[in-house]
Each structure stands twice: as C-alpha cells, then as structure tokens.
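So the chains spell out like this:
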Amino acid sequence: MHSAKVDFYDRDIVSMRDLTRKDIEYLMDLAETMIPYARGDRVNHSLKGKILGNLFFEPSTRTRFSFESAAHRLGIDVIDVSQISETSIAKGETFADTIRMVDAYCDVIALRHHHEGAARLAANVSENPVINAGDGAGSHPTQTLLDLFTMKRSKGLIDGLNVVIVGDLKYGRTVHFLADALTMFGAKLTFVSPESLQMPRDIVDDIRKKGYDPYQTSNLNEVIDEADVLYVTRIQKERFPDPSEYKKISSIYRINNQNLREAKSDLIIMHPLPRIDEIALEIDRTPHAKYFEQAFNGIPMRMALLYSILGGEM
Amino acid sequence: MEDIKIAPIRNGTVIDHIKKGQALNVLKILGINENTVGPTITLAMHVHTKKDPSGWKDIVKMEDKELNFRTADKISLIAPNATIAIIRDYYVAKKYTVRIGDHIKGLVNCSNPNCITNVGEPVEPEFDIVSHDPPVLRCTYCERYTTNISENLL
Ligand SMILES: Nc1ncnc2c1ncn2[C@@H]1O[C@H](COP(=O)(O)OP(=O)(O)OP(=O)(O)O)[C@@H](O)[C@H]1O
Ligand SMILES: [Mg+2]
Ligand SMILES: [Zn+2]
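The listed protein sequences derive, respectively, from chains A and B.
Our numbering puts the last residue of the first sequence at 469; the count rises by one with no breaks.
Our numbering puts the last residue of the second sequence at 1444; the count rises by one with no breaks.
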C-alpha cells in the first residue's frame, strides 16, 4: 500500500513543522522500498552525477556517515565541506555567505550547526535544497523521521501506540520533536524522567493544544506494562552537579531484564545511540532491542529524502 | 470622564486603551527618545477604564504628529486593544484599532540568545504570531517562543 505521491523535488527539509502526516507517510513508504538498496542487495544509481555537500559545523560523525552511506547507495557523490566552517569562521565570513559558496559546489546540502535556526537561514539563502542534520538544540528532522519509521516498521502502525519516553527529557533534543511528531499519528505518550529533567512546559503545552494529554511520572515501573515502545535517552553526567546524584538517578532508569518483567512480549526498545549504560547489554539479545535496527533505518530514510529531493528514478 | 487628566489637543494622535503599564513601551515602539522627541507628548498611566477587564489602561497623546497606521500596528504587539485617533482641529478625524497579521518581520528580537538571528548574521528576525493577548511569537528560524516582547523590541 503506497501513500499518494508527494512532490518533494527540490524541497528543503528544515523542520518537522514543515511536514504533514501525508508527507511523512510518503517518506516512510519510500524508505521501505529503499531497504534492499540500503543493504546493497539491489542497486539504483539513477542519481549518479549528483553531489551531496556535507557541511558540519559541529562534529557528528554518525549523522554525517549515515548521510554519506545513503548518498553512496544511490550513486550520489559526497563532498565533505565541513572544513570550510573553520576557515570561514576564522576569516569572519558570515554563515549566510558560507552557505552561498557551498551551494555552488553541490546539489544538496546536509547541514549541522550549533545555532538554532541555522538550517532555516541556510535554506533561505541557498538555491539548492538544504537538509537539516541538526541545528543547535533545535530541530533534527532526519532523526525524528527515522524514529517514526522504526516504530512503523516494527509495529505496522503508529496510531494508538503507547510510547513511553524515558531519561533526560529536558535537554535531550531528539525527544522533543519526536513527542510532537508522534501526536500527529495519535500515539499515546508517557514521559518518564527524574523531576529535574522533565519535558519542558512549552513542549507539553503544544501537545496538549493538539488534544492529547501525556502522562508524566518519575516511576518507570508504573507504566512499563502498558508500553508498546520504550524510547530511552541518555542522562548526561554534566546535568548533575553532584556525581552521586547522577549515579543514583542513572541506575534508577537503567533498563535491564529485571525491570522489563512486566513488559509486553512485543515491546520494542529504542535509543538514538550512543548509549552509555542506560540499557544493559543483556537486553541486546532480546527481541525487544531495536536500537541497532533504528540506526540502520537512518540509511533508507535518508536515502528516501535524497531520492525524492533530487528526483531519483526506479 | 476618564480622560480628564489630559488637556485637549488641537492636532495630533491619541493612542488610547493601551494595556496598563505599556505606555513607555509604546513610546519605544514609536522611536521616541531624547533625540527624536519634538512636539509635546502627554502620557497617562494607570487610568480607570470600564473597557478592560483589569479596570486600567494607559494613554499616549502626541501633538502635531499624525501616526501612520502601519507603524501603529507594531503597537498591537504589546497593546492588542489599543485605538489610534487622529485629531484635527480638536475633533477625531480618523479612528483605527491596531491590528497585526499573523506574521511579523523586524520588530522584535528572538529571545533565544543561541538563535541564528542573534549572532550577527545579515537576517531580520521573523515570527509567526501564535497568540495576540497575551502576546506569543514563534521564531521562524529557531521556532522558540518569545513572550517578553517589551524586552526584545528592536
Ligand atoms: N481634542 C482632543 N484632545 C485630546 N484627546 C482627544 C481629543 N478628542 C478625542 N480625544 C481622545 O481620543 C480618543 C478617541 O476619541 P473618541 O471620541 O472616539 O473617544 P471615545 O468615545 O471615548 O471612544 P473609545 O474610548 O471607545 O475609544 C479618546 O481617548 C478621547 O479622549
Ligand atoms: Mg474613551
Ligand atoms: Zn529564534
């Protein structure tokens, strides 16, 4: 079953806010058809001759290589122009000018930047499309899309899923956008975090305005039995002035077989990676573990984006 | 008579029904300061009114200056119910309620210091107006909310 054709040709991917449910469904369907190509079982190089420019003002090797791999699978050449960021900053060039120049070197730009809103500005000044690969504490739409895609692949449908998001919900930027996007699909949300790391008020308010009422608690045990998806995020040491407090909190929220006793047998566990010790290694061997598949899913999803933006052909 | 505190003016502009406490910010929006002030400006703060649920309003009257309505729209950011009356020869010649669309450009800075519009790039801040009263603006760039309008006026 395929969603209606959506025209992504030449479109920027800046924020989840720009995407409708129909857009996202289209991208998830396209990503599904990309899977054999993402694995190298099939080959489609219809975009040969196109160039992706990776412009990373901030190191993020995973996202960068994921874009690179996705591009190569489609025959797209990749140039990493990230070094330009160092010389342009040193020379006092504006970001807008840097973008205009990089724009001339490639057909699509994947941008990571430390300032929120940088991707929107880049999209405005660039002739070629820009894909936001994360801007500051701002949006990171390709991560959100691959997260949604992972749920859809594992569960068939996102609608009505009980999604429990656990960990640092205050600073963890991926979960803000994920939570917002999940409401578009009518998923039921539960936020589990220590008091000091709760989901920010305005994010919760936005969700409420859409007619949903996320359940918030600091007790994972209370909600684990109902969960269809457990989305785990990292709790960073830096957030705690007191190291012993960090130790205590991080051990309370560590996922292991013990605290999954009450969980549904088809619960899936996701994590944006890298994990430190939020998820015990013993979980890796269970059918719950989806985080490595989730990382793989970034490839077909980014392929779907590049393919539809650059106009690939099957 | 609510406005008895201010003497009538012959020609000029009256900005009435300003949300209480915002009269100074209205002057700021109008660009009035020690260098630009010309003819007399009278301002009344915390004046009784029945028209606002709070029971209070501010008023600004400027002699010999007819405010252009487009400029006046900026005022609605901090005083969504303000009225502008153009006075000619002691009579109200035109009256207008401030109005602003659902998108603004270049009036207010984004309150997020890490926003790309706040780091020296050649770009004007832009917002979608999420709510008029109380004012809530969503930055077109970083998508964060700005609510403390008066502290961020450009
Ligand atoms: N000659 C004048 N000098 C100074 N202020 C004036 C003059 N004429 C009118 N105003 C003021 O201008 C505003 C608009 O005048 P208008 O006659 O429409 O007032 P109103 O009937 O009280 O209406 P509302 O309060 O609903 O705006 C009022 O605040 C009024 O006091
Ligand atoms: Mg009156
Ligand atoms: Zn902003």
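Hints are computed from structural coordinates only; laboratory data are not their basis.
Glycine included, each C-beta is placed from N, C-alpha and C at the ideal position.
Treat the hints with care, since some could be wrong.
Sample of chain B residues lacking proximity to chain A, with all beta carbon distances greater than 10 Å (derived) [what the hints assert, rightly or not]: (1) Gly1321; (2) Thr1330; (3) Ser1366; (4) Val1382; (5) Arg1389; (6) Gly1410; (7) Glu1411; (8) Pro1424; (9) Thr1430.
Computed Cβ-Cβ distance ranges for the label pairs, DEER-style [stated by the list, open to error]: (10) A:Glu381 / B:His1336: 46 to 56 Å; (11) A:Asp196 / B:Gly1396: 51 to 61 Å; (12) B:Asp1379 / A:Lys177: 27 to 37 Å; (13) A:Ile244 / B:Leu1444: 17 to 27 Å; (14) B:His1393 / A:Glu381: 37 to 47 Å; (15) B:His1393 / A:Asp360: 16 to 26 Å; (16) A:Thr372 / B:His1393: 47 to 57 Å; (17) A:Asp314 / B:Thr1326: 57 to 67 Å; (18) B:Asp1379 / A:Pro355: 25 to 35 Å.
Comparing the hints with the structure gives:
no. : hint                             : verdict
1   : Gly1321                          : 27 Å, holds
2   : Thr1330                          : 43 Å, holds
3   : Ser1366                          : 23 Å, holds
4   : Val1382                          : 40 Å, holds
5   : Arg1389                          : 24 Å, holds
6   : Gly1410                          : 7 Å, violated
7   : Glu1411                          : 6 Å, violated
8   : Pro1424                          : 13 Å, holds
9   : Thr1430                          : 6 Å, violated
10  : A:Glu381 / B:His1336: 46 to 56 Å : 54 Å, holds
11  : A:Asp196 / B:Gly1396: 51 to 61 Å : 53 Å, holds
12  : B:Asp1379 / A:Lys177: 27 to 37 Å : 60 Å, violated
13  : A:Ile244 / B:Leu1444: 17 to 27 Å : 26 Å, holds
14  : B:His1393 / A:Glu381: 37 to 47 Å : 42 Å, holds
15  : B:His1393 / A:Asp360: 16 to 26 Å : 21 Å, holds
16  : A:Thr372 / B:His1393: 47 to 57 Å : 38 Å, violated
17  : A:Asp314 / B:Thr1326: 57 to 67 Å : 58 Å, holds
18  : B:Asp1379 / A:Pro355: 25 to 35 Å : 55 Å, violated
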